[in-house]
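From first to last, the protein sequence lines stand for chains A, B, C and D.
Residue numbers for the first sequence follow the working numbering, so the first one is 422 and each next one is one higher.
Residue numbers for the second sequence follow the working numbering, so the first one is 422 and each next one is one higher.
Residue numbers for the third sequence follow the working numbering, so the first one is 422 and each next one is one higher.
Residue numbers for the fourth sequence follow the working numbering, so the first one is 422 and each next one is one higher.
Possibly wrong hints are sitting among the right ones.
Identical chains blur together in the list; that is why a pair holds if it fits in one copy or across any two.
Said to hold, decoys possible - Here are the simulated lysine to aspartate or glutamate pairs, EDC-like style, with alpha carbons at most 20 Å apart:
(1) Lys523 - Asp742
(2) Lys491 - Asp520
(3) Lys452 - Glu600
(4) Lys523 - Asp714
(5) Lys629 - Asp547
(6) Lys452 - Glu605
(7) Lys523 - Glu739
(8) Lys452 - Asp504
(9) Lys452 - Asp578
(10) Lys523 - Asp749
(11) Lys629 - Asp582
(12) Lys491 - Glu433
(13) Lys491 - Asp540
(14) Lys629 - Asp699
(15) Lys452 - Glu798
(16) Lys629 - Asp519
(17) Lys523 - Asp781
(18) Lys523 - Asp540
(19) Lys452 - Asp679
(20) Lys523 - Asp578
(21) Lys491 - Glu544
Just so you know, the hints here were simulated from the structure itself, not pulled from any lab data.
Computed from a predicted model, the values in this text were never measured in an experiment.
Protein chains: 4
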Amino acid sequence: MTTFASIASQLEGQAIELPSWAFGNSGTRFKVFATPGTPRTIQEKLADAAQVHGVTGLAPKVALHIPWDKVDDYSALREFAADLGVALGTINSNTFQDDVYKFGSLTHTDAGIRQQAIDHHFECIDIMHATGSQDLKIWLADGTNYPGQGDMRGRQDRLADSLAQIYARLGSEQRLVLEYKFFEPAFYHTDVPDWGTSYAQVAALGDKAMVCLDTGHHAPGTNIEFIVMQLLRLGKLGSFDFNSRFYADDDLIVGAADPFQLFRIMVEVVRGGGYGPDSPVAFMLDQCHNVEDKIPGQIRSVLNVQEMTARALLIDREALDAAQSAGDVLGANGILMDAFYTDVRGDLAAWREGRGLPADPMAAYAASGYQTQIAAERVGGTQSSWGA
Amino acid sequence: MTTFASIASQLEGQAIELPSWAFGNSGTRFKVFATPGTPRTIQEKLADAAQVHGVTGLAPKVALHIPWDKVDDYSALREFAADLGVALGTINSNTFQDDVYKFGSLTHTDAGIRQQAIDHHFECIDIMHATGSQDLKIWLADGTNYPGQGDMRGRQDRLADSLAQIYARLGSEQRLVLEYKFFEPAFYHTDVPDWGTSYAQVAALGDKAMVCLDTGHHAPGTNIEFIVMQLLRLGKLGSFDFNSRFYADDDLIVGAADPFQLFRIMVEVVRGGGYGPDSPVAFMLDQCHNVEDKIPGQIRSVLNVQEMTARALLIDREALDAAQSAGDVLGANGILMDAFYTDVRGDLAAWREGRGLPADPMAAYAASGYQTQIAAERVGGTQSSWGA
Amino acid sequence: MTTFASIASQLEGQAIELPSWAFGNSGTRFKVFATPGTPRTIQEKLADAAQVHGVTGLAPKVALHIPWDKVDDYSALREFAADLGVALGTINSNTFQDDVYKFGSLTHTDAGIRQQAIDHHFECIDIMHATGSQDLKIWLADGTNYPGQGDMRGRQDRLADSLAQIYARLGSEQRLVLEYKFFEPAFYHTDVPDWGTSYAQVAALGDKAMVCLDTGHHAPGTNIEFIVMQLLRLGKLGSFDFNSRFYADDDLIVGAADPFQLFRIMVEVVRGGGYGPDSPVAFMLDQCHNVEDKIPGQIRSVLNVQEMTARALLIDREALDAAQSAGDVLGANGILMDAFYTDVRGDLAAWREGRGLPADPMAAYAASGYQTQIAAERVGGTQSSWGA
Amino acid sequence: MTTFASIASQLEGQAIELPSWAFGNSGTRFKVFATPGTPRTIQEKLADAAQVHGVTGLAPKVALHIPWDKVDDYSALREFAADLGVALGTINSNTFQDDVYKFGSLTHTDAGIRQQAIDHHFECIDIMHATGSQDLKIWLADGTNYPGQGDMRGRQDRLADSLAQIYARLGSEQRLVLEYKFFEPAFYHTDVPDWGTSYAQVAALGDKAMVCLDTGHHAPGTNIEFIVMQLLRLGKLGSFDFNSRFYADDDLIVGAADPFQLFRIMVEVVRGGGYGPDSPVAFMLDQCHNVEDKIPGQIRSVLNVQEMTARALLIDREALDAAQSAGDVLGANGILMDAFYTDVRGDLAAWREGRGLPADPMAAYAASGYQTQIAAERVGGTQSSWGA
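With the hints as extra help, turn the sequences into a complete structure.
Structure below.
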């Protein structure tokens with residue numbers, strides 16, 4: 422097997438974007454539990470995100486959600502972030518919390534409501550210019566709950582038209598990234614339910630439109646790494662929303678539910694040219710820390726991605742190719758499993774220390790006193806959550 | 422096939438309990454849409470429920486949710502309901518919205534919190550005495566989100582102990598009904614995830630403990646009518662929570678997602694002695710009308726149950742038995758399908774008119790002006806929802 | 422609602438292709454049960470298929486499977502079929518039963534084996550010229566059972582190359598139709614697992630390449646009618662393989678497991694222009710009658726498709742559009758359900774009689790004595806099955 | 422974390438029974454690929470199994486399948502096995518390959534066929550006396566493909582009666598172990614589809630009746646370790662059939678599809694007292710090596726179980742209890758993951774060598790020349806497979 426030393430340099434520069442909303446409260450339709458120290462503002466979210474980057478060196482960017490993270494002065498916010506050592510990343514639009522969007526947004530039959538949703542994306546593009554963000558990420562809650570409630574075909578056509586208008590507004594360095602989701606919040610049909618629909622839509626737009634793959638947005642049993650392979654092959658994998666799931670869109674810590682699946686995904690990312698400085702793929706977390714602490718939840722997440730990346734890089738590709746060509750099923754599988762079962766944690770700790778980072782980021786954060794500090798300081802105000 | 426005339430008398434007395442919370446706002450973790458006319462109080466919910474019963478004659482009881490429907494004087498509430506022509510039904514406990522229950526209720530490792538959850542059920546039993554309710558329905562949100570977070574075995578043992586304490590407090594005519602659910606809000610493990618667990622727990626309690634089957638609480642592909650058959654055979658089917666689903670616990674209108682499944686369930690109910698005056702099975706809806714109007718949503722639901730009951734009763738049981746014994750696969754299936762494909766709606770309309778009910782309850786409600794009236798009158802206050 | 426009379430003329434000319442292999446024995450990996458009267462030759466299969474068409478008028482074509490249905494003289498076979506009143510339809514290739522294909526066919530790493538698989542398709546095209554068939558249907562068993570066993574990306578690229586070679590050989594009136602399948606016989610990855618992959622592959626080929634949608638080849642919970650809508654919108658729905666399923670690729674009688682799903686599929690077919698004389702969509706059955714009689718199993722199947730087509734045509738499209746635009750969720754759903762719950766069987770029986778067909782095709786076939794006759798006559802020889 | 426040294430002694434005596442049929446050919450309904458060296462007789466299967474035990478020390482017993490492994494003289498077979506260093510284990514009955522069982526066996530409506538199925542189990546018990554086997558394992562293919570085809574309730578009652586007759590015939594040291602399966606070969610309903618049904622049936626029989634949990638026999642998303650916990654708690658976990666799956670009952674190498682799930686299962690086994698000399702749980706493989714070599718496939722499997730057992734034993738239970746009680750979600754999860762991510766392979770290799778076993782059993786087998794030898798010697802005859 423390849424040695425850790427030989428792959429260590431490839432770990433340099435790995436970057437996983439953090440979602441601002443991961444630091445706010447989240448929950449289920451049954452209950453959102455509040456926790457002490459939860460940020461009230463985007464500035465406090467950025468401060469929390471900076472903690473994650475500080476102990477891991479893995480998370481230099483923070484994705485924003487509009488309107489949750491709206492501010493008056495985005496240049497000031499950009500500087501505020503820079504002072505903390507992080508940058509502003511992907512801009513996520515939101516057309517699922519206004520009352521007008523009850524029956525759709527970019528797909529709505531009502532021209533006025535549809536325009537409102539398009540305009541919201543124009544505003545997001547304006548913000549991107551101010552923040553220096555590259556990606557406009559669109560996840561739509563559009564869909565229906567009952568057969569017959571909507572005309573799926575008409576909705577798809579209107580979606581295409583809306584996206585074309587938004588795409589036309591993009592700057593030359595900007596991209597539109599369209600996310601797909603199997604179900605929820607709509608329960609009969611979702612307007613962008615699968616990678617095929619997202620691909621067909623972005624392929625019709627042009628080179629600056631890509632697909633976003635959220636690892637929790639698939640039917641039970643779906644082979645996600647196959648989709649990773651296919652989208653890379655088609656040149657259309659724009660970004661990841663990493664998380665994990667046992668059942669639906671559980672939004673658990675990435676790698677928590679099925680670490681072997683995360684490994685297989687990273688194997689295909691590496692295999693397909695999706696990893697490294699020239700990759701067009703943006704890596705991002707999209708998680709909800711409903712019952713666990715949020716900052717260490719994010720630390721654990723980026724470490725999981727890093728550990729699995731290291732394991733994926735450890736694969737002896739030459740031996741694997743040979744075993745595959747020879748029809749040596751157990752041999753080929755064994756080469757993959759060898760990399761997966763290798764405990765890279767010690768090597769990574771040493772590697773981290775060599776870069777001035779703590780060997781054990783979870784312990785370092787716990788020892789920092791930051792959690793106690795924010796719990797004490799952040800009193801009053803309204804804690805951030807999805808509705809904030 | 423059996424004629425409608427020959428089964429008409431069996432439709433008399435069919436009763437489907439309405440959940441008070443179906444009349445309040447509901448939604449997903451992404452958004453709860455408000456609608457004009459939504460009740461602010463349990464009294465207004467009862468008034469809405471009475472509308473459903475008024476046009477269908479099918480819904481004489483309303484289930485309460487504690488603490489959502491707490492009042493100072495349950496006797497007064499009972500009389501208020503009676504004046505509207507309905508009665509108070511099942512009492513549903515709630516141990517999922519207090520902050521102390523973040524890590525469990527009847528299963529909690531902390532003795533104090535567990536006692537608080539037990540005490541809540543004692544209070545529910547007290548309320549049952551005041552309302553004249555028969556059933557205490559327990560659905561638990563208890564579970565964990567991450568492997569290792571909790572000790573599943575210890576939790577199960579504590580659950581058994583908690584249930585035993587609650588069971589011991591039941592009056593002689595009262596029952597404890599334990600609901601199971603595959604997942605949500607917990608995403609790794611649920612403490613009562615399947616009928617087997619619910620059955621094992623209630624079997625250990627005694628004759629007054631039964632299982633509640635919510636039709637939306639199963640793994641994908643589960644043959645629900647088999648479970649209906651099995652629980653009836655074991656004498657432990659206490660009640661239904663009817664709704665329908667395409668993906669998870671979507672809580673859609675019963676029969677909306679898979680009408681044939683609803684039919685097959687009713688076939689097994691009839692086959693196993695679960696239908697009729699001597700049946701121990703309580704039929705109840707448990708739905709969320711996120712995007713559709715709530716009162717007509719409930720009307721549609723009870724009509725769907727009635728229509729499928731009629732179809733199930735239409736099966737020529739003698740011919741079916743003969744075909745089954747003869748190994749006549751297509752013949753036996755055909756007898757079942759004949760009943761399913763029979764359009765009973767005209768016969769039911771006539772049957773309804775013969776009883777002084779409107780032939781078309783949906784149209785009758787729409788024409789009644791009630792919706793306009795409540796939209797105009799119910800201004801101000803806080804609309805009911807799951808958190809209210 | 423639209424009346425049956427007003428849609429009756431649209432039922433003329435409906436044609437559902439029968440698969441020759443449906444008349445042979447089939448089963449599971451556990452056991453294939455034999456039945457008296459099972460055909461031994463393609464000629465006997467055609468004779469059986471002609472029975473289905475004779476009593477229903479719905480099944481004028483029979484799809485062949487190569488090599489299962491290989492003969493020396495296809496012109497003679499074509500005439501033989503014509504004398505029976507049926508025509509030869511789609512040619513299905515088979516690269517899953519030769520030992521060389523253990524690790525793949527059109528995707529194989531070995532150039533020689535891959536060429537053998539391509540050559541097999543060239544042979545199929547030759548046969549198509551002789552039979553007058555329009556469609557070459559390709560379903561691949563290619564895939565792997567263990568992570569690492571194969572290089573998914575290389576396999577996809579080789580698949581593209583193989584398909585391009587086959588596509589180049591098509592005559593001007595011929596089409597290539599690529600089927601996708603979620604899993605089985607491969608258990609880790611399938612080389613064409615979803616509609617997106619099939620679409621990306623055929624889009625790269627050209628106008629004569631289309632997608633085949635087998636209704637049993639999806640992940641649990643997949644909204645199949647959405648895919649129907651999307652493929653029609655993209656102009657790439659080439660054909661259906663109809664069947665039904667509760668769990669995996671059960672290959673049950675179409676409409677048997679979820680009649681409402683079949684209805685919704687037909688609604689989208691009609692909505693998207695996939696039904697009628699100008700439609701590019703070929704309708705075909707792909708079923709396995711493991712425990713039921715095969716000929717009546719096929720009769721039941723085409724009748725189910727016809728009945729659901731009639732119901733789909735009955736929808737009051739104008740009223741539906743209005744309800745959808747008005748956000749009238751229950752109203753729109755109700756219009757759809759009205760059509761679904763309408764019992765069209767009586768009207769269809771009369772319609773059939775008006776065309777010289779038996780009112781009750783199932784009864785007519787049972788009364789014909791054909792089953793008894795073939796059971797008596799077809800003694801000796803080897804009954805057809807998947808391996809024959 | 423606990424050290425390997427401190428748990429090493431607990432690895433002594435671990436035993437995983439091998440299924441005789443794993444050494445024969447297997448496949449899907451599409452194709453069974455033959456491989457050189459496949460055994461033709463039970464004696465050759467035992468010889469192959471002895472190879473697995475020889476290099477691992479983990480597989481001292483071989484389960485038989487009746488009638489596949491029927492011989493005239495079971496005492497002779499017992500001695501033959503003993504000479505090879507293995508013993509005969511569980512007896513598996515088979516009521517799914519005789520034509521009479523097309524519509525059921527222990528559940529059949531026909532009293533004669535049902536008696537034949539009961540008698541088959543009596544014969545199995547007789548064989549158990551001759552082989553010295555403890556367990557009679559019953560897996561039933563009984564079920565139906567279409568709604569209405571059978572009366573599920575009547576079938577369940579007949580099953581109970583049949584099992585009672587079989588149970589009554591057991592010797593004092595013998596056990597009946599009832600397996601459940603979600604679906605396949607039946608596609609609408611299975612007569613023992615879930616653990617609840619198996620539990621209810623064996624609980625009605627008595628102390629010598631237990632449940633068999635096959636890890637591939639559950640609905641998508643099922644939390645299998647919960648069931649392990651529950652059955653151990655109820656005192657009814659009799660045995661495991663280990664394998665793994667991505668989709669349905671894929672019967673892949675245990676731990677191949679989801680190693681973390683295998684780990685969690687072993688964690689609950691250890692937690693619930695299911696591991697060690699006093700455990701009533703029999704561990705067995707039930708796999709199909711469709712495309713990989715069979716003997717190394719079995720070696721890989723037992724090693725996977727051993728490695729995951731070691732990891733499960735490494736958990737610092739005291740620290741875990743403390744974190745669980747403290748509501749420290751990330752801490753508790755981290756303790757579990759620490760054990761999972763520990764690479765135990767080096768320690769196990771050394772441990773093996775200390776016991777006179779090869780450090781690398783896979784390599785040792787490959788180097789042994791056995792595979793070449795059997796490929797050369799086993800020419801002619803009929804290779805074993807499910808039908809043999």
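Each hint tested on the structure:
Taking identical chains as interchangeable, the C-alpha atoms of Lys523 and Asp742 lie at most 20 Å apart only when they sit on different chains, with a minimum of 18 Å there against 51 Å within one chain. Taking the shortest alpha-carbon separations for Lys491 and Asp520, only the intra-copy value of 19 Å comes in at or below 20 Å, while the best inter-copy value is 30 Å. Only between protomers do Lys452 and Glu600 lie at most 20 Å apart by alpha-carbon distance; the minimum there is 19 Å, versus 26 Å within a single protomer. Taking identical chains as interchangeable, the C-alpha atoms of Lys523 and Asp714 lie at most 20 Å apart only when they sit on different chains, with a minimum of 13 Å there against 32 Å within one chain.
In the homo-oligomer, the alpha carbons of Lys629 and Asp547 lie at most 20 Å apart inside one protomer (17 Å), although the nearest pairing across protomers, at 44 Å, exceeds that limit. When the C-alpha separation of Lys452 and Glu605 is checked against a cutoff of 20 Å, the pair qualifies both within a copy, at 17 Å, and between copies, at 11 Å. When the C-alpha separation of Lys523 and Glu739 is checked against a cutoff of 20 Å, the pair qualifies neither within a copy, at 53 Å, nor between copies, at 23 Å. In this assembly of identical chains, Lys452 and Asp504 lie within 20 Å of each other by CA distance neither inside one copy nor across copies; the values are 36 Å within and 35 Å between.
In the homo-oligomer, the alpha carbons of Lys452 and Asp578 never lie at most 20 Å apart, since the shortest distance is 37 Å inside one protomer and 25 Å across protomers. Taking identical chains as interchangeable, the C-alpha atoms of Lys523 and Asp749 lie at most 20 Å apart only when they sit on different chains, with a minimum of 12 Å there against 54 Å within one chain. Taking the shortest alpha-carbon separations for Lys629 and Asp582, only the intra-copy value of 16 Å comes in at or below 20 Å, while the best inter-copy value is 27 Å. With identical chains, the CA atoms of Lys491 and Glu433 are never at most 20 Å apart, being 33 Å at best within one copy and 59 Å at best between copies.
For a Cα distance limit of 20 Å, the shortest separation of Lys491 from Asp540 inside one copy, 15 Å, qualifies, whereas the shortest one across copies, 45 Å, does not. For the identical chains of this complex, Lys629 and Asp699 are intra-copy neighbours only, at 16 Å inside a copy versus 37 Å across copies, given an alpha-carbon limit of 20 Å. In this assembly of identical chains, the alpha carbons of Lys452 and Glu798 never lie at most 20 Å apart, being 25 Å within a copy and 30 Å across copies at closest. In this assembly of identical chains, the alpha carbons of Lys629 and Asp519 never lie at most 20 Å apart, being 28 Å within a copy and 45 Å across copies at closest.
For the identical chains of this complex, Lys523 and Asp781 are neighbours neither inside a copy (46 Å) nor across copies (28 Å), given an alpha-carbon limit of 20 Å. In this assembly of identical chains, the alpha carbons of Lys523 and Asp540 lie at most 20 Å apart only when taken from the same copy (17 Å versus 40 Å across copies). Neither within a single protomer nor between protomers do Lys452 and Asp679 lie at most 20 Å apart by alpha-carbon distance, with minima of 26 Å and 29 Å respectively. Taking the shortest Cα distances, Lys523 and Asp578 sit within 20 Å of each other inside one copy (19 Å), while across copies they are farther apart (43 Å).
In this assembly of identical chains, the alpha carbons of Lys491 and Glu544 lie at most 20 Å apart only when taken from the same copy (11 Å versus 46 Å across copies).
Violated hints, in rising order: 7, 8, 9, 12, 15, 16, 17 and 19; the structure is consistent with all others.
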